[in-house]
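Asker: Listed below, chain by chain, are the residues.
Number of protein chains: 2
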Amino acid sequence: AGKGDPQPAGRDVDFPVSVVLPAGGTGERTGLQTPKQFCSFLGRPLISYTIQAFERVSWIQSIVVVVARENTDLMADIVRRFRHRKVRAVPGGSTRHRSIRNGILALGEEGGERPAAGRPKVVLIHDAVRPFVDEDFLYEIATAAKEHGAAGAIRPLVSTVIATTPEGYLDHSLERGKYRASEMPQGFTYDVIHRAYQRCSQSDFDFGTECLHLALQYCGTNAKLIQGPPTLWKVTYKRDLAAAESIIKDAVSRSACFVTGGSARAAALAGALQEPARALGTELDVVPDLTGENASYLLKEWNFIQFSVDHSRPAEVEALLAALEAADRAPLHPLVVIWVQWSDSDELLGGRAAAAAAAAVITDLSSAAKLRNILLYGIQLHQSKDSERWERSVSKVAEIASVLIRERSPALVGQLLQA
Amino acid sequence: AGKGDPQPAGRDVDFPVSVVLPAGGTGERTGLQTPKQFCSFLGRPLISYTIQAFERVSWIQSIVVVVARENTDLMADIVRRFRHRKVRAVPGGSTRHRSIRNGILALGEEGGERPAAGRPKVVLIHDAVRPFVDEDFLYEIATAAKEHGAAGAIRPLVSTVIATTPEGYLDHSLERGKYRASEMPQGFTYDVIHRAYQRCSQSDFDFGTECLHLALQYCGTNAKLIQGPPTLWKVTYKRDLAAAESIIKDAVSRSACFVTGGSARAAALAGALQEPARALGTELDVVPDLTGENASYLLKEWNFIQFSVDHSRPAEVEALLAALEAADRAPLHPLVVIWVQWSDSDELLGGRAAAAAAAAVITDLSSAAKLRNILLYGIQLHQSKDSERWERSVSKVAEIASVLIRERSPALVGQLLQA
Ligand SMILES: [Mg+2]
Ligand SMILES: [Mg+2]
Numbered sequence: 002a003g004k005g006d007p008q009p010a011g012r013d014v015d016f017p018v019s020v021v022l023p024a025g026g027t028g029e030r031t032g033l034q035t036p037k038q039f040c041s042f043l044g045r046p047l048i049s050y051t052i053q054a055f056e057r058v059s060w061i062q063s064i065v066v067v068v069a070r071e072n073t074d075l076m077a078d079i080v081r082r083f084r085h086r087k088v089r090a091v092p093g094g095s096t097r098h099r100s101i102r103n104g105i106l107a108l109g110e111e112g113g114e115r116p117a118a119g120r121p122k123v124v125l126i127h128d129a130v131r132p133f134v135d136e137d138f139l140y141e142i143a144t145a146a147k148e149h150g151a152a153g154a155i156r157p158l159v160s161t162v163i164a165t166t167p168e169g170y171l172d173h174s175l176e177r178g179k180y181r182a183s184e185m186p187q188g189f190t191y192d193v194i195h196r197a198y199q200r201c202s203q204s205d206f207d208f209g210t211e212c213l214h215l216a217l218q219y220c221g222t223n224a225k226l227i228q229g230p231p232t233l234w235k236v237t238y239k240r241d242l243a244a245a246e247s248i249i250k251d252a253v254s255r256s257a258c259f260v261t262g263g264s265a266r267a268a269a270l271a272g273a274l275q276e277p278a279r280a281l282g283t284e285l286d287v288v289p290d291l292t293g294e295n296a297s298y299l300l301k302e303w304n305f306i307q308f309s310v311d312h313s314r315p316a317e318v319e320a321l322l323a324a325l326e327a328a329d330r331a332p333l334h335p336l337v338v339i340w341v342q343w344s345d346s347d348e349l350l351g352g353r354a355a356a357a358a359a360a361a362v363i364t365d366l367s368s369a370a371k372l373r374n375i376l377l378y379g380i381q382l383h384q385s386k387d388s389e390r391w392e393r394s395v396s397k398v399a400e401i402a403s404v405l406i407r408e409r410s411p412a413l414v415g416q417l418l419q420a
Numbered sequence: 002a003g004k005g006d007p008q009p010a011g012r013d014v015d016f017p018v019s020v021v022l023p024a025g026g027t028g029e030r031t032g033l034q035t036p037k038q039f040c041s042f043l044g045r046p047l048i049s050y051t052i053q054a055f056e057r058v059s060w061i062q063s064i065v066v067v068v069a070r071e072n073t074d075l076m077a078d079i080v081r082r083f084r085h086r087k088v089r090a091v092p093g094g095s096t097r098h099r100s101i102r103n104g105i106l107a108l109g110e111e112g113g114e115r116p117a118a119g120r121p122k123v124v125l126i127h128d129a130v131r132p133f134v135d136e137d138f139l140y141e142i143a144t145a146a147k148e149h150g151a152a153g154a155i156r157p158l159v160s161t162v163i164a165t166t167p168e169g170y171l172d173h174s175l176e177r178g179k180y181r182a183s184e185m186p187q188g189f190t191y192d193v194i195h196r197a198y199q200r201c202s203q204s205d206f207d208f209g210t211e212c213l214h215l216a217l218q219y220c221g222t223n224a225k226l227i228q229g230p231p232t233l234w235k236v237t238y239k240r241d242l243a244a245a246e247s248i249i250k251d252a253v254s255r256s257a258c259f260v261t262g263g264s265a266r267a268a269a270l271a272g273a274l275q276e277p278a279r280a281l282g283t284e285l286d287v288v289p290d291l292t293g294e295n296a297s298y299l300l301k302e303w304n305f306i307q308f309s310v311d312h313s314r315p316a317e318v319e320a321l322l323a324a325l326e327a328a329d330r331a332p333l334h335p336l337v338v339i340w341v342q343w344s345d346s347d348e349l350l351g352g353r354a355a356a357a358a359a360a361a362v363i364t365d366l367s368s369a370a371k372l373r374n375i376l377l378y379g380i381q382l383h384q385s386k387d388s389e390r391w392e393r394s395v396s397k398v399a400e401i402a403s404v405l406i407r408e409r410s411p412a413l414v415g416q417l418l419q420a
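Protein chains in written order, with our numbering: chain Z, 2 to 420; chain X, 2 to 420.
So here's chain Z without its partners, still in its complex pose (with noise of 0.2 Å):
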């Protein structure tokens, strides 16, 4: 996921891992038309967020997602629009229980012929609405599942829990140190996890929801409980979608890579701008190319700032945008362009009637660039020999730019921006 996105070094696992992924969730608690797991975040369905939080840690397998019969060609273009390598769907059934055991026998019958062959030693069991697991925390549930047969995810509670009285009074609270909430993810051995579901009842088919709880009542298997990040959290209500494409925006938007074009002027405002991008969030790397060993930033970066001074000439930032599509990204996050023009003019009215040319031209640009999902915005910097409207004009650079780059509204693509 590049460098908005650092991976850890991560511990090697020896023996084989897939996940069961239940997507059939209606949504009804967002109180939106589309379930969560298919709602948009900068373009991409939360679902495809989880999915990749899976596929990017090498010692995972294979991911079963289980989505209701309706959505089967919708999450067949998912993994096909986002690429998405680990993937098989299977149809979900009319409880979340029945769902999970669908996507339990479904990693059984992997191995074809020699059906033990292929099953993993350890299944992971997440929801499709908590994108933000990591791979150290992976690595935990699942070699704590191997070791005890069951491993799962708490967290401490935020809230008194009471009971009530069938009246609707209070009865009693509980002591909140002795309980805490349980999470996904969870582990267990393939075989826990299959004999649990072989020997529950229809009732638990129907009403229950806890793997933890079947693996103790049907194996004698006490999980082993580990306590996850806030990050887990489950996207359940309508405010838990802002605070996710916040999540989202920041990682994507925690570095950006300035290209000054061997220009001594743009090196000197990149070094200037390093600082109060900092405090806004950004790290600049400043590169005079991507030729070499920068070629690497068009794999990896989400963010680019082309500096150029003649701006009636597009050519370099039209280098830029080739390259770009040249490298062919997994179209995961759409890239942020920002195409920075030095105007020599001291003058105002000058300086924005030059810019004309280039307004125009930037339009055009944006237009055709934003149908393959990259971002183009203009900022013009108009020089001037006041070193403090100067600073002004580099300090205004670096807030327009955070914002271009961390709202990434397609809206105000195409737009020159005067700093």
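A couple of the hints might just be wrong.
Each pair may be met inside one copy or between any two copies, as identical chains are not told apart.
Lysine to any residue pairs mimicking SDA-like chemistry, simulated, CA-CA at most 20 Å apart [unchecked claim]: (1) Lys371 with Lys397; (2) Lys250 with Pro411; (3) Lys301 with Asp290; (4) Lys386 with Gly221.
These are computed hints drawn from the structure, not numbers from a lab. Everything numeric in this text was worked out from a predicted model, so none of it was measured.
Based on these hints, arrange chain X with the ligands on the given structure of chain Z.
Answerer: Just chain X with the ligands now, with coordinates in the frame of chain Z:
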């Protein structure tokens, strides 16, 4: 709170109700330096939103905010800046219960020499970090508290609650249907909550957190439990800050006032904008000017779109800015003013060159307006005889205006955007 924040007709309450708002939290769980209740949203601390939620309720008499001693000056500054009228701040204690008790005692002293006369019949207790409580629900809690002695908000449990063994394994899981999460607000008759704090033990003061429990244990009062809306949730984690910001931004971007200046072209444009603006979540009210009855918009609307044909003469937008300044609104949110400039020229470069003067004007006006918490942006709309191009421009105005109104970005103030 203006059109963006409609209030219910409001049933009246014929007994005195006051509020205690413990605000001593240190915000560990957000991972931020600033305690959550003092984090700013659109330039205003969260606690001011919570205070306003109570202050706007006509039947609430006074609000005692309990703050840590080191935040006394900060709190006084907030009360002054946002013109809160019903608020008194008192110093907190070393634990939550001690802080709430301080608030209760402060309420008991309001009658001066006749303390009993000043005491409220019912005390509502709420968290400073639950800003979205509405009048209807406060009414339900207050009346139930008067009837039953105590009342509290509850919510269904989102996660399964489990009991753990001392070694960190699953012991058993609770039947979700029998339990609820205890939330805020809670309400008590003054007598019940006062007596509960008189009788409870040092251990309760040290380790307890649940007022409903004290009322039950020390006064034998079983609180009436009432399910509240999900908006009652407590801003707890960093992600909750983004969720709260999104709700606040939604609330102030639901409507905008489009001032045509009497121009027929402007009225036609406004008519064409209404549908796309609505699709993006903003209702447009179209008025010729802000005189007569329409002057009321100056007192309640957070968003204005001022149309003008001749963009080199800013008389109309200057008049609007002056009228907003004269209205002397409480500075609860930044106001957005979007100056839409109609450019007659069908020729792109010509139109843009002509806009240069206007760009300089808007830069100057916006700097002055920003000091008064008014965010001024410009959109230049290019007239076109090509009807397809014209329609594209109109929907571009709607898109850009929606982003400006919703995001209220200070970084983009003074920009002249092209539609
Ligand atoms: Mg990680
Ligand atoms: Mg209300």
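Asker: Each hint should be assessed against the structure and marked as holding or not.
Answerer: Going through the hints against the structure:
1. In this assembly of identical chains, the alpha carbons of Lys371 and Lys397 lie at most 20 Å apart only when taken from different copies (15 Å versus 25 Å within one copy).
2. Proximity of Lys250 and Pro411 under a CA criterion of 20 Å is satisfied in both settings, with 14 Å inside one chain copy and 19 Å between copies.
3. In this assembly of identical chains, the alpha carbons of Lys301 and Asp290 lie at most 20 Å apart only when taken from the same copy (15 Å versus 52 Å across copies).
4. When the C-alpha separation of Lys386 and Gly221 is checked against a cutoff of 20 Å, the pair qualifies neither within a copy, at 78 Å, nor between copies, at 77 Å.
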